[in-house]
Amino acid sequence: MWYKVKELKSKGLHCVRIAHELGLHRHTVEKYVRMTLEEFQASQAYERDFKHKLDIFEEEVKKKLIKAPYLSCRQVHDHLREGHADFPEVSEKTVFNFVMRIRALPMCVLREKRSAVEREG
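Per numbering that gives the first Met the number 0: the sequence shown = residues 0 to 120.
Honestly, I wouldn't trust all of these hints.
[Unchecked claim] Below, simulated BS3-like cross-link-like pairs (lysine-lysine); rule was C-alpha separation at most 27 angstroms, straight line:
1. Lys92 to Lys63
2. Lys66 to Lys30
3. Lys30 to Lys62
4. Lys52 to Lys62
5. Lys3 to Lys92
6. Lys50 to Lys62
7. Lys92 to Lys66
8. Lys61 to Lys30
9. Lys66 to Lys52
10. Lys92 to Lys62
11. Lys92 to Lys50
[As the list claims (entries may be wrong)] Have a look at the derived ranges for each label pair, beta carbon to beta carbon:
12. Lys8 to Ser90: 44 to 52 angstroms
13. Asp77 to Glu29: 39 to 47 angstroms
14. Lys3 to Glu37: 14 to 22 angstroms
Everything labelled a hint here was simulated from the structure, so no lab data went into it.
These numbers were taken from a predicted model, which means no experiment stands behind them.
Idealized CB from N, CA, C, for every residue including glycine.
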C-alpha cells in the first residue's frame, strides 16, 4: 500500500483523494507520504502476518477441492458447517475469499496434493 500511495502522490494527487481512492484514512496516507522506504520496511505495516478465521480448515478444503474441483464456495461453506460443530459464524463472503485464496495456489502444488490424495485412497 505504501508503494501505491507514493505512486499516486508522485502523480500529483492530494492525500485526501489518495485516501478516497485506496479506501484508507487520510492520516494513514499522510503517514505513508512522510515515510522513507527504510522506515516503511522497519514498520509493522511492512510484514504483517494476518491470521484468518478459517485457516484451521485449509488442509480439509484443499483436499475437498482436489477431489472435487467443481465445488462452489457455497457448497464448501455447507460442508464445513455440517462437518464441524465449532465452525465459526462467518459470512458467505468470508468463505468465498478463503476458497478463492486456496484456488489461487499454483496448480503444481494442487496437482501434487491431488496425487498424494489419490495414493491415500
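How the hints compare with the structure:
no. : hint                               : verdict
1   : Lys92 to Lys63                     : holds (19 angstroms)
2   : Lys66 to Lys30                     : violated (47 angstroms)
3   : Lys30 to Lys62                     : violated (43 angstroms)
4   : Lys52 to Lys62                     : holds (18 angstroms)
5   : Lys3 to Lys92                      : holds (26 angstroms)
6   : Lys50 to Lys62                     : holds (21 angstroms)
7   : Lys92 to Lys66                     : holds (23 angstroms)
8   : Lys61 to Lys30                     : violated (39 angstroms)
9   : Lys66 to Lys52                     : holds (23 angstroms)
10  : Lys92 to Lys62                     : holds (21 angstroms)
11  : Lys92 to Lys50                     : holds (17 angstroms)
12  : Lys8 to Ser90: 44 to 52 angstroms  : violated (34 angstroms)
13  : Asp77 to Glu29: 39 to 47 angstroms : holds (45 angstroms)
14  : Lys3 to Glu37: 14 to 22 angstroms  : holds (18 angstroms)
When the structure is compared with the earlier hints, violations turn up for hints 2, 3, 8 and 12 and for no others.
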